[in-house]
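Just need the whole structure built from these sequences, with the hints factored in.
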Amino acid sequence: MNTLNRVVIFGATSSIAEQTARQLVQQGASVYCIGRNPERLATVIADLKTRAGNSQIIDGISADLTRTDKHESLIATANDSLGGLDAALIAHGSLPEQQKCEQDITLTLQEFDTNALSVISLLTLLANRFEKQQRGVIATISSVAGDRGRQSNYIYGAAKGMVSLFMQGLRNRLHKHNVSVVTIKPGFVDTPMTKGFDKSGFLWAQPDKVARGIIRSMQKGKGEVYLPGFWQLIMLIIRSIPESIFKRLSL
Amino acid sequence: MKPLHSWNRLPRITPDTVQALSAPSLPDQATLPFCIYGNGRSYGDVCLSDQGTLLHTRTLDRFIHFDRHQGILRCQSGVTLEEILQLIVPHGWFLPSTPGTRYATVGGCLANDVHGKNHHEAGSFGHHVTAFELIKSDGEALVCSPDDNHEYFYATIGGLGLTGLISWVEIQLMSIQNSWMWVEAQRFGNLDEFWYLNEKAEQNWPYTVAWIDCLARNNARGRGILLTGQHAASQPQLPRYRELPLTVPVTPPFSLINNLSLRSFNNVYYRQPLKAQGSLCHYSPYFYPLDAIQNWNRIYGHKGFYQYQCVLPPAVAPEATSELLKAIAASGQGSFLAVLKTFGQKPSRGLLSFPRPGATLALDFPNRGERTLKLFETLDAIVMAAEGALYPAKDARMPAELFRAGYPDWEKFCNFVDPAFSSHFWRRMTA
Ligand SMILES: Cc1cc2nc3c(=O)[nH]c(=O)nc-3n(C[C@H](O)[C@H](O)[C@H](O)COP(=O)(O)OP(=O)(O)OC[C@H]3O[C@@H](n4cnc5c(N)ncnc54)[C@H](O)[C@@H]3O)c2cc1C
Ligand SMILES: NC(=O)c1ccc[n+]([C@@H]2O[C@H](COP(=O)([O-])OP(=O)(O)OC[C@H]3O[C@@H](n4cnc5c(N)ncnc54)[C@H](OP(=O)(O)O)[C@@H]3O)[C@@H](O)[C@H]2O)c1
Numbered sequence: 001m002n003t004l005n006r007v008v009i010f011g012a013t014s015s016i017a018e019q020t021a022r023q024l025v026q027q028g029a030s031v032y033c034i035g036r037n038p039e040r041l042a043t044v045i046a047d048l049k050t051r052a053g054n055s056q057i058i059d060g061i062s063a064d065l066t067r068t069d070k071h072e073s074l075i076a077t078a079n080d081s082l083g084g085l086d087a088a089l090i091a092h093g094s095l096p097e098q099q100k101c102e103q104d105i106t107l108t109l110q111e112f113d114t115n116a117l118s119v120i121s122l123l124t125l126l127a128n129r130f131e132k133q134q135r136g137v138i139a140t141i142s143s144v145a146g147d148r149g150r151q152s153n154y155i156y157g158a159a160k161g162m163v164s165l166f167m168q169g170l171r172n173r174l175h176k177h178n179v180s181v182v183t184i185k186p187g188f189v190d191t192p193m194t195k196g197f198d199k200s201g202f203l204w205a206q207p208d209k210v211a212r213g214i215i216r217s218m219q220k221g222k223g224e225v226y227l228p229g230f231w232q233l234i235m236l237i238i239r240s241i242p243e244s245i246f247k248r249l250s251l
Numbered sequence: 252m253k254p255l256h257s258w259n260r261l262p263r264i265t266p267d268t269v270q271a272l273s274a275p276s277l278p279d280q281a282t283l284p285f286c287i288y289g290n291g292r293s294y295g296d297v298c299l300s301d302q303g304t305l306l307h308t309r310t311l312d313r314f315i316h317f318d319r320h321q322g323i324l325r326c327q328s329g330v331t332l333e334e335i336l337q338l339i340v341p342h343g344w345f346l347p348s349t350p351g352t353r354y355a356t357v358g359g360c361l362a363n364d365v366h367g368k369n370h371h372e373a374g375s376f377g378h379h380v381t382a383f384e385l386i387k388s389d390g391e392a393l394v395c396s397p398d399d400n401h402e403y404f405y406a407t408i409g410g411l412g413l414t415g416l417i418s419w420v421e422i423q424l425m426s427i428q429n430s431w432m433w434v435e436a437q438r439f440g441n442l443d444e445f446w447y448l449n450e451k452a453e454q455n456w457p458y459t460v461a462w463i464d465c466l467a468r469n470n471a472r473g474r475g476i477l478l479t480g481q482h483a484a485s486q487p488q489l490p491r492y493r494e495l496p497l498t499v500p501v502t503p504p505f506s507l508i509n510n511l512s513l514r515s516f517n518n519v520y521y522r523q524p525l526k527a528q529g530s531l532c533h534y535s536p537y538f539y540p541l542d543a544i545q546n547w548n549r550i551y552g553h554k555g556f557y558q559y560q561c562v563l564p565p566a567v568a569p570e571a572t573s574e575l576l577k578a579i580a581a582s583g584q585g586s587f588l589a590v591l592k593t594f595g596q597k598p599s600r601g602l603l604s605f606p607r608p609g610a611t612l613a614l615d616f617p618n619r620g621e622r623t624l625k626l627f628e629t630l631d632a633i634v635m636a637a638e639g640a641l642y643p644a645k646d647a648r649m650p651a652e653l654f655r656a657g658y659p660d661w662e663k664f665c666n667f668v669d670p671a672f673s674s675h676f677w678r679r680m681t682a
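In the order they appear, the protein sequences are chains Y and B.
If you're matching positions, the first sequence starts at 1 in this note's numbering and goes up one per residue.
If you're matching positions, the second sequence starts at 252 in this note's numbering and goes up one per residue.
Everything labelled a hint here was simulated from the structure, so no lab data went into it.
Simulated crosslink set (DSSO-like; lysine-lysine; CA at most 27 angstroms straight-line):
no.	chain 1	residue 1	chain 2	residue 2
1	Y	Lys209	B	Lys253
2	B	Lys253	Y	Lys195
3	Y	Lys195	B	Lys387
4	Y	Lys222	Y	Lys209
5	B	Lys451	B	Lys577
6	Y	Lys220	Y	Lys132
7	B	Lys387	B	Lys663
8	B	Lys253	Y	Lys199
9	B	Lys597	B	Lys451
10	Y	Lys100	Y	Lys199
11	B	Lys526	B	Lys451
12	Y	Lys195	Y	Lys100
13	Y	Lys209	Y	Lys199
14	B	Lys554	B	Lys577
15	Y	Lys199	B	Lys554
Rough simulated footprint, nothing fancy, chain Y against chain B, three-plus residues with beta-carbon under 8 angstroms:
no.	region
16	267-280
17	311-318
The structure displayed is predicted, hence computed values, not measured ones.
For glycine and all other residues, C-beta sits at the position ideal for the given N, C-alpha and C.
In structure tokens, the structure reads:
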């Protein structure tokens, strides 16, 4: 079991990340929160501080994570604040408007910045740090959307797919260094990201439930995890449809 | 869009749009009016609207500050009482006033100025609110307390979500020694015995409430069990407590509560052996017995149910309560959930607060359509003659005249209603 006593969270204002942070704090962890919107971040930190015991450290800083030049210093600050790092969770992301992106390259590339390149920058720096300390957990929230490109969502899917693939390689590289690399692939989660979707039906999960799965997977050092678990089966079926048929489907 | 309902599953109403608030502010581009839905634990339409935008506040679920020494808690309005208790009880604090469900949000408790079994000592929820923030549709954010913006303070307590969005609430908590209660139960054979026992109990116990067998007739009319309680003193050793989660998984096509099942249930319940010298009981089953069964509201079937809760002034309470029970027993309708309690003298803070000196009777009724509504007309007449009032939090059908008679400050209250806010209930009362 990996210990999760000192955890840095990127994109801490995300609904899934916030629920994860609450549960970590409940279990006694110290948490360093990095999020973009400073007001929202302040409310998240105040909430976690209220829930935490006196000996737990709760702190954070606001940053736009597409600014990759700041990443090294963010990680160093988090490390100093917590007195070392047991784990990192990368949660930030955005759901692009697919049809707008199809007509706008700048927008498309921005989405790749947010959902893929900024993540890869963080992963690279965290990997080197954890490789050196010969332990730790690096978890990233990717998505089931990264398992196969679909016309309705392939910008997002490609970015998440890049992250998932990058994490596979990283896992392979860091295995011998006692570092767990955990790819979280949630299905549909009821958060602000999916505002406006019809959320009735059994496919939708609540963020606190997904958060529980994230923590369990990080503790157990799992590799790729579908949350909730039934998505593994759904994606197995979706991946197994031959491309010649898949291209005709309206998915 | 799927129709929404509150706890009693009626009415079912479809708003134009629904939005979960991700930040404590009103959305810019939304169809008006706004109506606020906390956690839907009201029995009726105070939190519903067939027009405009329904705003969900459960997403505003952050704590802001907890002073562990003074017992002052500030949190966003969508935090539930359950979440508060999980935070505060281990530090020796408790809610100074709580309704019979811990799934209500703080915002909902403030907007209905809810009461608990300790009203005779502690007053209602609003008495323990030290401040809150009210966000109005013109963009103004007012911090309200008895000293600042006091007019909005008194209008918003019990203000049925009509004065604006309550973004956070600060409450003064009450200190406790542990999470256990010391409780006693006494049987009473009729209403006269209740009034006698209850008066004595109120002098000695901070919490009192009575369960009534609403189907008992004649000499036994109003028989029941008086439950009294207090927070347990510090103990050398405490029992262990584990909650067993139960759930009603599906809604049956018809109500499982009918006259036969109810009569036999009430008989057994009334005759249950009671522990003479009292016993320890964990706070959860004591305050929130119904919360132990998830979705218990489904047992009434697809048609849903009504709750009828009135308050009757002290002078006429014994007589009017007796008349109400007589009418209910004669109709053969009614349910297991029949609760009688007396409110204390503390004047409520809100312009539209329900609690006031007198007795309050609350009953659930399976929805049998016309028959049930007819019975309510009879009950309304008794309440009206007694100069009593019905509780908006538990209403899906009261006539506007009864509301206006029971809430003489309603016109004054109108001055504080935000023009961009309304609800199905409010339109019924003011149409
Ligand atoms: C089993 C059970 C037992 C109960 N026992 C009691 C009892 O003993 N005493 C009692 O008084 N009540 C009792 N109730 C009723 C319940 O406590 C109240 O209806 C309470 O207000 C429900 O809170 P909610 O968060 O679900 O609010 P909702 O029902 O969703 O909304 C209630 C009102 O509050 C408004 N509101 C909610 N949040 C805000 C906000 N942030 N800003 C502005 N307005 C807002 C809504 O517009 C609406 O008018 C009980 C209910 C149940 C289910
Ligand atoms: N919801 C789903 O159905 C679902 C499904 C699969 C995967 N996911 C993934 O789960 C993760 C969490 O999303 P969520 O569902 O919790 O949604 P969310 O609440 O909308 O969170 C997204 C967060 O990402 C942050 N963010 C975006 N761009 C950023 C940037 N450049 N720098 C810093 N932070 C940035 C946002 O910050 P601001 O507050 O500043 O906007 C926001 O807090 C995302 O990676 C998402 O792709 C979600």
